[in-house]
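Using the sequences plus the hints, can you model the full thing?
There are 4 protein chains.
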Amino acid sequence: MTVRAAVAGASGYAGGELLRVLAGHPEVEVGALTGNSNAGQRFGALQPHLVPFADRVLEETSAEVLRGHDVVFLALPHGQSAAVAEQLGTATEGPLVIDCGADFRLADAADWERYYGTPHAGTWPYGLPELPGARAALRGSKRVAVPGCFPTAVSLALVPAFAGALADPEAPDAVIVAATGTSGAGKALKPHLLGSEVMGSMSPYGVGGVHRHTPEMIQNLSAAAGRRVSVSFTPTLAPMARGILATCSAKAAPGTTAEQLRAVYEKAYQDEPFVTVLPEGQWPATASVVGSNSVHLQVTHDTDAGRLLVVAAVDNLTKGTAGGAVQSMNLALGLDEGLGLSTIGVAP
Amino acid sequence: MTVRAAVAGASGYAGGELLRVLAGHPEVEVGALTGNSNAGQRFGALQPHLVPFADRVLEETSAEVLRGHDVVFLALPHGQSAAVAEQLGTATEGPLVIDCGADFRLADAADWERYYGTPHAGTWPYGLPELPGARAALRGSKRVAVPGCFPTAVSLALVPAFAGALADPEAPDAVIVAATGTSGAGKALKPHLLGSEVMGSMSPYGVGGVHRHTPEMIQNLSAAAGRRVSVSFTPTLAPMARGILATCSAKAAPGTTAEQLRAVYEKAYQDEPFVTVLPEGQWPATASVVGSNSVHLQVTHDTDAGRLLVVAAVDNLTKGTAGGAVQSMNLALGLDEGLGLSTIGVAP
Amino acid sequence: MTVRAAVAGASGYAGGELLRVLAGHPEVEVGALTGNSNAGQRFGALQPHLVPFADRVLEETSAEVLRGHDVVFLALPHGQSAAVAEQLGTATEGPLVIDCGADFRLADAADWERYYGTPHAGTWPYGLPELPGARAALRGSKRVAVPGCFPTAVSLALVPAFAGALADPEAPDAVIVAATGTSGAGKALKPHLLGSEVMGSMSPYGVGGVHRHTPEMIQNLSAAAGRRVSVSFTPTLAPMARGILATCSAKAAPGTTAEQLRAVYEKAYQDEPFVTVLPEGQWPATASVVGSNSVHLQVTHDTDAGRLLVVAAVDNLTKGTAGGAVQSMNLALGLDEGLGLSTIGVAP
Amino acid sequence: MTVRAAVAGASGYAGGELLRVLAGHPEVEVGALTGNSNAGQRFGALQPHLVPFADRVLEETSAEVLRGHDVVFLALPHGQSAAVAEQLGTATEGPLVIDCGADFRLADAADWERYYGTPHAGTWPYGLPELPGARAALRGSKRVAVPGCFPTAVSLALVPAFAGALADPEAPDAVIVAATGTSGAGKALKPHLLGSEVMGSMSPYGVGGVHRHTPEMIQNLSAAAGRRVSVSFTPTLAPMARGILATCSAKAAPGTTAEQLRAVYEKAYQDEPFVTVLPEGQWPATASVVGSNSVHLQVTHDTDAGRLLVVAAVDNLTKGTAGGAVQSMNLALGLDEGLGLSTIGVAP
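Residue numbers (UniProt numbering), protein chains in the order written: chain X, 1 to 348; chain D, 1 to 348; chain V, 1 to 348; chain R, 1 to 348.
Note that these hints are calculated values from the structure, not bench results.
Warning: the hint list may mix true and false statements.
What the hints assert, rightly or not - Sample of chain D residues with no beta-carbon within 10 Å of chain V, all distances over it, derived: (1) E27; (2) H49; (3) L50; (4) Q87; (5) P119; (6) P191; (7) S294.
What the hints assert, rightly or not - If we take Cβ atoms under 10 Å as the criterion, some of the chain D residues that face chain R in the derived model are: (8) G89; (9) A91; (10) T92; (11) A188; (12) M199; (13) K267.
To be verified - Between beta-carbon pairs, the in silico distance windows are: (14) R:G334 / V:R262: 50 to 58 Å; (15) D:P26 / R:T118: 53 to 61 Å; (16) D:P77 / V:P191: 42 to 50 Å; (17) X:S62 / V:R228: 54 to 62 Å; (18) D:P279 / X:E259: 45 to 53 Å; (19) D:A263 / V:K190: 54 to 62 Å; (20) X:T257 / D:P77: 47 to 55 Å; (21) D:G281 / R:Y205: 41 to 49 Å; (22) D:G281 / V:R262: 52 to 60 Å; (23) D:P169 / X:P77: 41 to 49 Å; (24) V:K190 / R:R227: 40 to 48 Å; (25) X:D336 / R:Y205: 44 to 52 Å; (26) D:P77 / X:P77: 21 to 29 Å; (27) X:P77 / R:G24: 40 to 48 Å.
All residues carry an ideal CB built from backbone N, CA and C; glycine is no exception.
See the structure below:
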């Protein structure tokens, strides 16, 4: 089976990572590469690391160009996916459409409108196969909403604790501080993203519950907990290009022990090819997962503070975006879930 | 008035920063530079950035060498300061002794023994003048315990909230995730501190309440709150040489408003030359305080999560160690508190 | 004597560094801060590290605003200094004008026109006091042309070799590869300057003799050699915010020995407060000079290749721009040349 | 065909990269992983990014352990390969032995002894297939000497110019300044390799012709030129984990034009899958080749200076070591040369 895949938004960081992953996928042939502001340019000038595509020319994003592929990946600015998807077919015919944007992630229309300010476009099967129930919904689906990079890390870090009632079920809270590499902010030309500003510096942004990934985390953690989980989420910008380190904590349920905690996490992920619960005492480092579809996790219980601590490392562009998207594509197409994906990071 | 100052442990990062600050102090003349493993070496080979001291030779750390100075700074491994201090005189005669190590920071002997594993040496006036009562205790003192770098950032970030009862007084908690530059770990030759390992990577360490700065934070925050504050503290290692970004939160007291919060912080620090509460909407970046004695703070209230958020940026080596030490020296000697200290960071 | 200084272009990296240096100068009071695109903004939003100026408001650059100061520093885009300078007075009356731009560096009008494409504005005394004859020309001058950052490093590295005829006087050549921190490129919003692009990457630019600092190097080296020196200059962009490492070589004159070479350099710089010829075997690192006005040099002779090697490290913003400018200001005003300038780098 | 491969020195950076590449090779099964100081440890504690090997245990390096594989990769300290290779068989029977160390790279025994200080062990087919004649010698060979990382970049950059007599054939010289990521220095615990020292800093080392890769470059360039080429080589340490940017120049032969130069390079590499001569005006960046087996090249002619400029970017660990080793393995075993190797860098 050879699958022809198009990438809309191919000149951005997410689009580039999709191409890097797809180029190594044994069943995929890359078709159209599209973009808007850069349409007409030689692709090698835009993404010089993608040697096999260097001589391609970026086309204008349009339904005409994207149609006729088996899979269409959308790596567009938030709010643009719905219109394109509609023109590509329906949930029963036409190509598999995989949206790397936020448009179809949130089930609650009010949440969407509050955080994104536009009408809610709907909800698609959620591309985080490791969540309870997600894998089944992805199999055979014609639509996939790829999770945000932070919610990927945070959900994998905290869902077992909430699902297993190890986190206090009475007043479930989560306090999350997550450092991200600058590629998470995209290629936008903003002063605070200049190399001179980010090198040697850490800074927070979207503090106080205003980051758009917050409702997505609440949605996933609340589903696991069976009641609304309160989430305090602070992202910080770190002097590195890739990677997320999510430091997550939640009040422990009375009586929770460290052994229980460890056992629950090991059980939760024992059959997951892309999630590694590290041996006791070894903590994740983002460098270990760069360029891979791996998630590294470690857990502990701070009995003095009465909080469970879970730290997750992912590559925001790979497992956090493009790798997760291809993992979901594999499921949707009935291929082996891990095809074309590596668990090995590019370290050091 | 010219003050002759010695630095014990001059070949390390804290010692080097002390010399950098002291070299710019108009009332200080630098006397002996001592160390142990590197004694006898030309100083310029050890700390090439300290040009004015390049031709000095590092002496062996001993009471003989240190005696005869007006001020002795100790930048020694934890547990070594007490023995040296004892030989230098008493709290009424002999030089002013300023310990950049942990030995005299904790009031509670049990805390000390639990975290450091040796007998408690005592408690000295605490070198964080911005804390309530601290300035008075430092004036004229012959002994100063310089705070840890993380407790400096975290205490300045959270003390006003706890002192002002804006953080929930019923069950006061603090959840802190603080990213630090690698100089915080010193010059020890450990594999995880190699450039190849730290560049492009974020990783946590001392997770789960085991970091030695935890009891110091609890001590400071509890003093402010008037009851024991629970602290969950997770340090992370960031790919930068200097700087701490402390992201701190605490459950808000019922009825706390964002305006109140802001007003309390602005009032708390309005006369503090080294603490800047940034204008609303502007968040701290560690690069802005590198090489300076400044602390940059910002606060907000996440009403959905019911938590106060305070972010502080400091340079772990300057305000977090050497700058704070010199600020305390100025107070102890009756000099202008800000002499020789800059509020300006070396950015970009 | 208190000198009132204005900075035009205060929101850029050179302007910010001028303010950082001037704030520590005991005889300077900072007057107007001007800019164009950002005029009217609170200065703290533009340069948050410059705490003492945070509440100032950036004014529009104009002769009205700048006039009435004793010194005016121009940190403007190339080609804009001449017009402003003209309105500020003459070389005998009006303020001292110090141009950090390129406009008045080149003596040869043809060189200027070839590299900058506009009519030549003239030549001012060259603000590199360590060059033969430069100090005398700067004393009492009302005009200073601050050298380019690369020519500062390269001229100090190679002038003694050419002046002393240690570099082959028959066919004097210089091959220079100089790595620079990204602040050298300014705050312009260009894709290749984004943090995601520069972190973890080295790349060359302006290759093949086209960089605008090339004729300035040729001018300085040729003056030293007494005949035209051929210069091959390649700048590279390094993943750091500040610093230049200039690796310079030239064919050795027949019979030149390593001892001679060392002796010539030590003699050339023995009385220079800001130039350090490192002890044999110790090579410069840019981190050692960050934030300082120091130049670190080392020399050797590769007898197999028949080339002299000289490596220089400077901070492009300090000695390479703002520190050099203030050093020249001190000379022009008859102050102690080193006033307000530090030889100590902010390391690590 | 499934090939069983052992890696000796698996806990180092070169060894880890070999495993990363081999894990993606469709015809390779990884056998023994050996080391010395770390033997007996769980591999996941040493190389956490290599998830598929995490539960392996590092064995002691010995002929017993290595024997019985089809291919043995040696990533040992210089001088240790000969003894191991001897015990593994001969050039006609026993496993294919691929030495990532220097032991068998130099043809000239005097060169070896001068630079390495031990007796010369011999010369093996040189694992840089893109050099004239190299590919033929590698096909079917039982022994491969993997080139040094700098000579890989520099030889590919300059051989066409010397082979094509575009570089001055009368007095062939090459001046090379090459920046390398810190992984090139290995995992040795040396103070100057600490993250605090390398971040934000550039520094040279091995200046003046003393770096051990110098004779290897001279060997390769002289073979191309048909006479001894003089080489001035200066390596610099850059604040990044991976990558080499080699800036190379040579005096141009009289009459050489830029068009000729470009044509010669395009022709030289038109059929090479791993060497890309970038389109005119686009210069290499190391980030574009990180983790890949690609070499990016660009050339120009500085007619003022009379020098050809060639810049090459490679990943020191991939094409510069492990990728080049696997490429040579493929040739030696009669497999498709590019099997298991990617041309795509992990960017940004």
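query: In ascending order, which of the hints set out earlier in this document are inconsistent with the structure?
result: Of the numbered hints, 2, 3, 7, 8, 9, 10, 13, 19, 20, 26 and 27 do not hold.
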